[in-house]
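Engineer: Okay, here's what each chain looks like letter by letter:
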Amino acid sequence: MIMASVLAISSCSEDFLTEKPVDDIFAENLLINNSGFQNMQNAMFALVRDEYDRGDRYYGGTSFGSIPFTKHTLFSAGADNSWGNNRHTNFRHISFPKNITDMEDVIPFQAVFEWLYKAINTSNMIITRAENPDIDWQGSSAEEDLQNKNTVIANARLVRAWAYRHLTYAFGAVPLSTEEITGSNYRTDWERTPVADIRVVMEQDLLFAIDNLPLRTLNNTVPSGAVARHYLGELYLAMGRPGDAKSILQPLVEGSEYSLMTERFGKNASNPGHAFIDVFRSPLFSDGNLEVLWAFPNTEPENAASGYSPNIFMRNMWRNYYSSLSDISKLSHPDYPGQTIKLFWSLNGGKGAGRLAISLGAFNLYKFKEQDTIDVRYDDHSFVWHLYFLNTDNQVYEVLKSDASLINLKPNSKMSDDTDPTIKQYNWPSTKKWDYINPIFEQADADNAYNDIVYLRLAETYLLYAEAMFKLGQGGEFWLNKIRERALAVPIDASEMSIDMILDERSRELITEEHRRHTLVRLSQENGADERLASNIFKTRVRTYNEVSGREVRGMWDDETPVLLPIPQAFINANSGRVIQQNPGY
Amino acid sequence: MKKAFTILLFLFFCAMAGAQVRGRVTDGDRNEPFAGVTVQVKGTQRGTFTDSSGMFSINADEGETLTFSFIGYKSVEQLITGTGSINIVLYPEETLLDEIVVVGYGVQKKSDVTGSVASVSPETLESRPSANLIQSLQGSVAGLSISITGSNAEGSATTTRIRGSRSITASNAPLVILDGVPYSGNWSEINPNDIESMEILKDASSSAIYGARGANGVILIQTKKGKDGEKVLVSYDASITSSTAINIPKMMDGPTFGAYKLEAGLVHTLTEAEMYAQNLTTDWIDLALRTGFNQQHNLSMRGSGNNSRYFISGNYASNKGIAKNDDFSRITLRINFDQTVNKYITIGTSTQYGFYDRSGNAADFDDAFTMNPLGKAYTESGDLRLSTWEDASYSRNPLSSLNDVNVNHKNVLVSNNYIDINLPIKGLTYKLNTGYTYQTQTEQNYQGLNTYEGLLSNGVLEISNNYQVDWLVENILSYTRSFGKHNLFLTGLYSAQGYKQESNGIEATGFPSDVMTFYQPDKASFMDPNASQDKSSHLSQMLRANYGYDSRYLLTATVRRDGFSAFGADRKYGIFPSLALGWNVTNESFIRDTQFNEIVNNLKLRVSWGKNGNEAISPYASLPNLRSLDYLSSDHSPLFGFYPSRLASALLGWETTTSTNFGFDFGLLNDRITGSFDFYLSRTFDLLLSRSIPPINGASEILENIGQTKGNGIDFQISSVNIDSDRFKWSTSLSFVQNRTVLVDVGLYGEDGEPIDDIASEWFIGHDVSVNYDYLFGGIWQEGESTDTDKTPGFIEYVDVNEDGDLTPEDDKQIIGRRAPFFTAGLNNTFTYGNLSLSVFVNGEVGETRPNYLLTPMTLSYRQNQINREFWTPQNPIETFPANIPDGSVNVRRMNFYERTDFLRIQDITLAYMFDGGLISKAGLSRLEVYGSVRNLYTLTNWSGLDPEFNATGTVQRAIPQTRQFTFGIRTSF
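Line by line, the protein sequences give chains U and E.
Per our numbering, the first sequence runs over residues -13 to 572.
Per our numbering, the second sequence runs over residues 9 to 982.
Just chain E, same shape as in the assembly (with noise of 0.2 Å):
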């Protein structure tokens, strides 16, 4: 059918054959017909123009070139070949000069934004080369704070926050839209190499849009899409990573251990004496550790043809992580498809399938730094010795997961599909906007007899199924006009979205052979299965305007009414209103018409302010549910139970959080120095508290909507072309985020109303969200100092704050720095020679402290191993440490040692070099760009523990340590 249409076309033209020569030109930023076009017949005075459905038809002879040219439009050149119909498209000229900016729901010219936005661009993200995204952001955007908090194959652990936290107990964590609709999974399930864009939303009025959930800001991400008028471009990127472990703390070797184990009267088991009489140490950290390797591979092929743009890709990536067995693989494959079918309909996709490997147990690192040095790894038979040494609970090999067979695999299928359909009145729009995500996750263990738990029940099996289904329904209706000097720009949104998750398991001991590993739950003599269900929904509606009168003065205005299923029966909708005002300064004839335009060649002012929500509750969280706890029969047959734990908390509702953004972008000397600069205020209240109720309430907790804190911050990015000579460029670009976030009201208050620490739960009025809280270190206690009991010489000696003799915690317990740094600066140098290049990144982060509970003393009398140290004798009267006695007793108090975590580090150096156009075509390439870079080179810090930025609570100083990374890679194109 379309073939024969085509012939039918090509016999129409040959008709015509001879002078005329005959087309169409559509405007390609509206996609319709292109009136009044200039055609004009090159190095001639023959010309025309387009009549109103775009057509032209023109005297011109084969080898002829006609040119296509419209004011605000880039000209277009189109050399005869012959016969036939020639269609141009035209687009604006200004998307080349002014930048478009995703905005949500819709783009908006750079110029024309009113909120706190910015922008990442593929450039940045090409010269970090990383196997996690949300790594190559790290220090590159002001306001987007991203701690690495942990070391492991795919690089998954670290925190993502947009201008810090102000939630107490709810998530902190940003919304993630990629490609229109929210995003929930691992940013290591994003294949880096697909992204366009991405923008942060930092402020209240740039997220407002998304309401409920947009109160942590938001991160938009676009996937790479074809462009109209594009050629086919296949592209191969490939690179491999190389990585070491690096600032390991030195834990006590065996003779060490051994000796303070004696001098502490304490004595050596079988394993122990026997491994201490021949001077050996089990270094178990060496022993779980290895030399990581990562490969990537990414071939992808974009280009446009019949009003149709693709982008397809594929991507392999397989990463061996530092710890052994710690490994993860991920084959990604995305399409993304437009077509535009006529002039009122544009259709498209943009789909991933992605398969995620992350099988196989690693290392137990916790185990490995606290083992006892002086335990075995290894029978003499060369197999894994499981206890370690002779001990009940802390003799488990680190080592013994490796013998665990383990299958972890995971599929997910995501497709954001929408329709444009242009609406017969001019500049009104509808786009039905559709995500689906389906995932489906499946883990297998099977611990035989030879892993520690294998060998305590006679096999552990555990097998868990899971499938996640999220679907996004939005119905957008925009509308755009100008009017003069009026610009006007009009969405409503009406959208629902669902989420639901089931899972089922089982767990299983006891089975007559390992041969079977987790096929054999049928022969298990114990067996645990289990079932669950969670589900939420949302259903929102959005309005926004936006108003520009000239470019000069600009206005946005939000609404959106959320509502979710997991609040209160009586709270479930929150209404979140944002305004926000722009002045382009430099578009004001007072300026632009005078002298300073060429010193100051860009200037807008913002002032925002704007409510956002907080919903991050789990489903059901309102609900009163009944835990179980069983009994048994006296012959011991099952009992099911339950029982009240859990009070129902009807009147759950959002957390809010307003905010207020001054802020101005700037352009100096004709955009050499570019930059924006903001400052903030925020409130949020009603916070998602577990509220401390007395437990005669049979619960003593319920979650409420109480307390609030307030914050401020600054954040700035500045960027420079120091140098833009002929061969030699120098750029750089530094960026800043300073913020602090303080508890006004915690849900106690004193007798006189006014809002009072929680001290349990280490609240402090007026003081950073998290802060540590605890005893002071004044030293040791020497001998001849006090005859006390808990003042013994070699003990830790407390400050008594208030010096009443007594030291009691609401006196002496001080509050000991915050837990969140006082501001992240990242500096990013670029520079060029010819066709290479080098760019160097060092990130910092200053007045944040923290516990370091490896030199916390110890407790367990040499059950685990410590930091190697020196102790407190009665010769040695330091007053750094206390005395060798191993069971807690010089440590009163349990007060742990804290530490700044301040640091500078130099976290990437990239030299990349990119071939001559000219050389490379020959070989058929229009690129060929060969890079190295190293990560992690060196960090300058006073912490002692295992990497500043490991900075979770709790065990962390025990995890798999820092990694120093070198990686080549290329990047072609065809």
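Bound-form chain U, shown alone (with noise of 0.2 Å):
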């Protein structure tokens, strides 16, 4: 029987090497219908949503070791309304743009890089291999057909156009890449492209996901033509297009289908506080937020059905590390003994870490008009002013010191020290917008928080299609006083309209949500101007709103800082077919 099954074998030889993985899924079997590529357009999703996770937790990508940071850190901090302000987010680009050129930072620079490319070539893979002809589209007639197909590829295609938006701005001119790319036609001799190039492939794709996708969809946490608009408008300004831009954001901002929330809704309704923070409790369509473009779900991962969960960083970036401060740690409670610090965090918006802090300058803004009373946005519902624990009642007090609260904006001496990039200021407040508590009291001193949140709202189209105007001479004040009248805040005249009133008001609605460096990138290569000018928005701004990153020494009085991130040396390294230039300054 042995030797009848080795003749059987030996017959058969070249099948019997043959691989036939059971347990695993490959392009040529997942993406034969339309549920096949539902499924690849979730992952390609999902690794968007990854902006707001951790840096080194995206599958496949680069470690950053244990260095807690966000993606979306990349884009939003070393501007001019935060600083790093501990150790752990001693990143040069934030804390000290000058010596960035010491290139210790290119890790997170890196992952970045191959987390945006990943989801270039995800969608790259869905757009070709759409176009086979042998798909199911699984739809009831030719026509649903056609429009199954053209959805799916509007969504890629919106996606394709949201990584070059943050490869372009972060980096300047990169690889474009639009083809899919296998095992036998990949490149070692990528170039860079100009900018200007990539974005006539981002306009194309931006106009084919408006033209496919309905301004409204189903929920709002996948991509629409709301989203795509926004990108385009934002786009055509920074191709010196206010006139397209304008047009192109008309129907989203003018039309109905989103709007400011004004009145309280949501899980957070019954609180105390004002609609402009339950826009953040209750980020979803579903729960009645129709000023949200795209949020991204999350669940806990006791809730979730298969091993992965996302983890939202924001809230350990942004909000303070409390308790660190003596008065804080030295707390106890009987019925918590060893959980005091759990304890304290669920009664205080869930544990931050106090990566990033709020310039001081940023705060200062809320004061413009001596609104810093009045404007929601500065009020207790939004930003950490007190710090609460229970006595041995149960009963919340809030933790004083000389009875004053322990929150204040009093300038710690690390902020002048130039030798010290540790500021550690955890007496600073911190702002509201992505506190979470986890439902298990064990996990309420956890770095990870699981809720829906924001990505993109209409409080921002409104800012851009307020600069598309004020740069066509027709104001915009009445859209920027649109979201003032929603804070609470006394509207600004036509007069007092310029691009800085613009980028005061971004930081004030917008605080920690924006990618304020690809904002301030944009505005500072208008009309082909050199970013790293030092007469230009970006530096000027930081070296007047940013007392820390804005210090002499740190770089931004000179005109040879970078302000582009460095291209990652590994890519750089592994183009072996062509050489790479670094961007000017590393």
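Quick caveat, the hints were computed from the structure, so don't treat them as lab data.
A few of these clues could be false.
[To be verified] Derived lysine-lysine pairs resembling DSS-like cross-links, with alpha carbons at most 25 Å apart: (1) U/K410 / U/K387; (2) E/K117 / E/K232; (3) U/K410 / E/K799; (4) E/K434 / E/K118; (5) U/K84 / E/K821; (6) E/K117 / E/K235; (7) U/K6 / E/K543; (8) E/K235 / U/K84; (9) U/K316 / E/K118; (10) E/K233 / E/K439; (11) E/K799 / U/K400; (12) U/K355 / U/K396; (13) U/K457 / U/K468; (14) E/K439 / E/K232.
Bear in mind the structure is a predicted one, so any value in this text is a computation, not a measurement.
Since each chain sits alone in its own frame, please combine them into the complex, following the hints.
Structural biologist: In structure tokens form, the structure reads like this:
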């Protein structure tokens, strides 16, 4: 019998060595019908959502080691309205831009670069394979088939444009890849495609998305025509075409599908607060939120049906590390032996690690026209101004120091110490936008958060629209004031409109949300200007509003300090077929 | 039926009783009737010869003795006790004079071997008793290096290399063949008492018969078998071992830690403040340690009869490691049986069943080394305090795992069976060799509310079940024939091999209670089930020709073709040839007939060349699979997703090593001094490397055959009998290994096309495969030296190597020594006085440099403990260690401190006493030996970490410490 089996094996030896894995999935057997494309689309959206996850936590990416750092940080921090507050955020592009050229921070840049190209490759695979005529689009008619196909392609092209947006603002000219890459056509001779050429592709991608996606999709956890219009509007501004920006944004801004939330709603409606903070507590359209264009759905791992559950690190980044204050670490409570920190965080919006802090200059922007006491974006529901604990009767009380709040805006000496990048201003106020308390008390001091979260909202679209109108000489203050109106702040006059005023309002409204570096880079590059010039908006504003990064020694006073991030050296090294020029200043 | 036959025979011989004694003589070597044997009645002139069918008849009386003899064969005497036929088997004498060596798919006389093969005798294994076979071999074979890389109950943390490492990312582990079949299990799952012999095939020529899998050398292991003519021998061996931890680095105690934390400007948490106020310390390492205790019992029986040979053994070992709850126990049962059915057919089996129990999760030493000494291990009521102090990430009690409910059982059946058929053409045999291994493993784990993880998630359950099947079918055709002075030995092989593993499991959390432990997956509030399969197959053909002329000139040529399923569609097959020549110089008449022969009684020169493969990639590595990444719908139900993350490697094929070996074996002064010396050169090309490619391609690496390494080395072994007097004997044996492998090409090329370094992977052309690459420590910045931010007094000063005033990775990072020893050597001295013997084994290693991570300045603001040390202060401006700033800022470039791991160790001392045969025979014993041994008595080293041998990368300096072991045992035979 054994002999017979040997003979049988030898007679089909080629087959005997062919691998047919039964526990794995491949593009060849997945992308054969609409459901398969939906699966890949899900992963593509999840890759986008990873922007709020730790930079070292996406599959197949380069590890940062133990540095919890959202990818979003690379686009938001290191600008005018925040500084690195903690040794763990001593990335030089944030804390010491002048010394960024020492390139000790390359790993985060590399990880983000790789992550974005992973998203691009996923969308390229969808776009390429969707053209295969054999795909079963599972529609009931030829028309529906075409619609299914075009929706899939539109989503993929939108995500591709989203990724190139990040890449061009963060790194400048980058290789343009629009085809599926396999083991037989991969390249090692990529070249940096000029930003203008990439923008042509982005424009076409976003126009296709606008044509094929409804302005309002069934839910805002997937992209829509609104998202495409928002990004195309911004793209037209970057391309120096404010007229096109205005017309592409108009149906979104002036239409009725989306609106600012001005009344209390959602899960938080019965708590003390206001509509502005409700937007962050209930970001989904299904919660009644009409303002958010794009939100990421999340859930605790114990509720997720599969192994992967996203960890949202926005709270960890931006919420201050209050438990490090000696007045807090000394607290104890008889009912919670050894768990006072968990108790503290569960009473105070969830754990923060104080990686980043909002600059004093950014706080001072709320004082414009003495509105800081009125503006809801500055009040107790929007910022942490007080810290609480339980007394032995289990009554909540505010922890005070010399009868004053532990939290204040008094600068510490580290801020002006040029030799010490570790600010550690742990009594500083921080935003409540990302608050989340884990339903399991035992995890109240864990770094991870699992809440639904805002990614893009109409308020920012209004500010783009205002910018387009201002550049067209049509004022634009109306749309800016719509935002101020919701915040209860007094309106501004047409005569007060300026790019700086728009940037101020962006900071007030979108603090910690906005891709602030992208905005400043875009405006600094207008009319072909070199974004590195010390007279540009980027460096001027950092000097004006950032008391740490703006200090003279940190490089915002000279033309040499780079503003674009470095092209990752690992990519330059691996691109053996062509020499890649590094960004100037490195 | 058989009984009836015996009675018939009896009647037949009864009829012949009186003067005639009849019988038959068989050639035990060829297993056929032996013609021409002289049969003589001892002390008389009466004699005869056997006929062509081996039969004889002779006149002899009861009480007389017959002598059977034949030139070259060992004579046998037989007392005539009564009537009945006499069956005698004669064995060639040379089996006693000339050692037989297992060379893979057959055996050869040692003097005929052309390759570099080292043998390990059972005596060597016996002289270093250990629960784990591989530990007994450490330092005893030239060319085989074994590092004990960690300490655990089963002694399984070892790295085995033959002639060093030559592959960068693929495996460097040698192929292990147990009783003719590849063995992939743990060393700890083999019963050391079952081992008869081991052969290490070092050069390409000897390992080339294993072609695709032989590049890292081959270890052949034979288990014990019964021998023809052997009477039943029952043995019982037992040993007990006690072990304690040694070489523990001194971490900070509570008062020191607390004071330094305050000095650094940090605040104490509640628990810290309480402990500090009372000057208390929790010594976590001490809490996690215990005295280890091992015991081992082995019962075996071997013998022969009716043309069958058997060996049966049972083994029980129970090990308790020095880490709390680190337990391992083993039960093995082995049956080796061979039956010569007739002159054509022999069948046999070597079958082992093993049960291995690894239940229980050990105390966590990674945590124990770093846990805050101001944390508390227990609550006031004596339960484990799960969070030892107030911290979210670094407070997990290292003892928490002691409360895990854990079961880990493995059952393994290894059954290797063969049929040997002598074909009608003289010298031609066919062997069907089969191997079948079936393993199942069940792991069940439950972490209840009394564990750190369980408390966080209301109970954590993990169950996994897996099974693995390995099978092998080999068809081996051999032809052995002598024509005058020409000796020919041909071997042909056609084989197929398969591997399959299936596993499934569940992880679940959130349980109503802990009562049902891991039997309640149905009550989980969250569950993550999984299932997977792995499969691979091989197809091979091999031809080997051994030719010898007059025992002087020897030649071996082989070629093997291997196919492996995991390689790319177009690259599944590889062809691996080899050639070796040998010259027995001392068999030349111009030596043999001269005085020189009295000095050099044996000298053989060898040279070989061969090509071998390395296939060590996992199944499906060449396929472009998709990764799983899920999204959620707006109602939070899962949306499953997949995205492309790996590119297909359709051209992925064998990594190939060619090597050339020059060697000689010698025996001096009538084998008073023996040894062998080998020098080799090797070149490995088509390295299986993850090549860095631009991430624009959607993957930042692709597995390809790129790059080359080249290596060279020497290994030698010398044994001598220094004193051999009547009662006292002293013998010494030295083994030495030196090798170096350097990188030639790692797939990156400069503009001129020349290979360049892959700095990201720390691979440097012309340097060792694994090196340390870092900034150089240049002391500490002192006050007044600089005003630069990064040069604050108390910070580490880095050497500006190119003196350009600027630190840049390209110019100032340097290669700081290699991560493999330059040489290792082992020296064994054995002293025997009468029945008492003492052996002392010293082992050493030179030339390796490693980072000692314990010395790296901390970055975690006293959230973890660290090694106790002196800090720089303005008042104490030392140059050795930076200031007490615990956020890493003192070490701007994140360098590590490096130390040499050179060591010299008194590894093993064994004292044994063998009782006199006459004395013990009254008790029915044929052997009684008692012994005691001590392992790791003393280590001489400058390394300040855990143990110089615990040399893997990462956090290994915080592992279970090295142990000192005292063993006492007995060996008895009946």
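Engineer: Do the alpha carbons of E/K799 and U/K400 lie within 25 Å of each other, as the hint requires?
Structural biologist: With a Cα-Cα distance of about 17 Å, the restraint between E/K799 and U/K400 holds, given a limit of 25 Å.
Engineer: For E/K439 and E/K232, compute the direct alpha-carbon distance and say whether it is at most 25 Å.
Structural biologist: Holds: E/K439 and E/K232 sit about 20 Å apart, inside 25 Å.
Engineer: Under the criterion that the straight-line Cα-Cα distance not exceed 25 Å, is the pair U/K84, E/K821 satisfied?
Structural biologist: Holds. U/K84 to E/K821 sits at ~22 Å (cutoff 25 Å).
Engineer: Hey, E/K117 versus E/K232, does the alpha-carbon distance stay inside 25 Å?
Structural biologist: holds, 19 Å
Engineer: Is the hinted pair U/K6 and E/K543 satisfied, with a Cα-Cα distance of at most 25 Å?
Structural biologist: holds, 9 Å
Engineer: Can the restraint linking U/K355 and U/K396 be considered satisfied, given a maximum Cα separation of 25 Å?
Structural biologist: The given pair, whose Cα atoms are some 21 Å apart, holds under the 25 Å limit.
Engineer: Hinted pair, alpha-carbon criterion (25 Å max): U/K410, E/K799. Please report holds or violated.
Structural biologist: Cα-Cα ~21 Å, so holds.
Engineer: Is the hinted pair U/K457 and U/K468 satisfied, with a Cα-Cα distance of at most 25 Å?
Structural biologist: Within the cut-off at roughly 19 Å; holds.
Engineer: Taking 25 Å as the top limit, are the C-alpha atoms of E/K233 and E/K439 close enough?
Structural biologist: Roughly 18 Å separates the two Cα atoms, so the pair holds.
Engineer: Measure nothing beyond the straight line between the CA atoms of U/K410 and U/K387; if it is 25 Å or shorter, mark the hint as holding.
Structural biologist: holds, 19 Å
Engineer: Would the pair E/K117 and E/K235 pass a check requiring their Cα atoms to be no farther apart than 25 Å?
Structural biologist: At roughly 18 Å apart (the allowed maximum being 25 Å), E/K235 and E/K117 satisfy the hint.
Engineer: Below or equal to 25 Å on CA atoms is what counts here, so check E/K434 against E/K118.
Structural biologist: Holds: E/K434 and E/K118 sit about 24 Å apart, inside 25 Å.
Consistency note: the structure conflicts with the earlier hints numbered 8 and 9.
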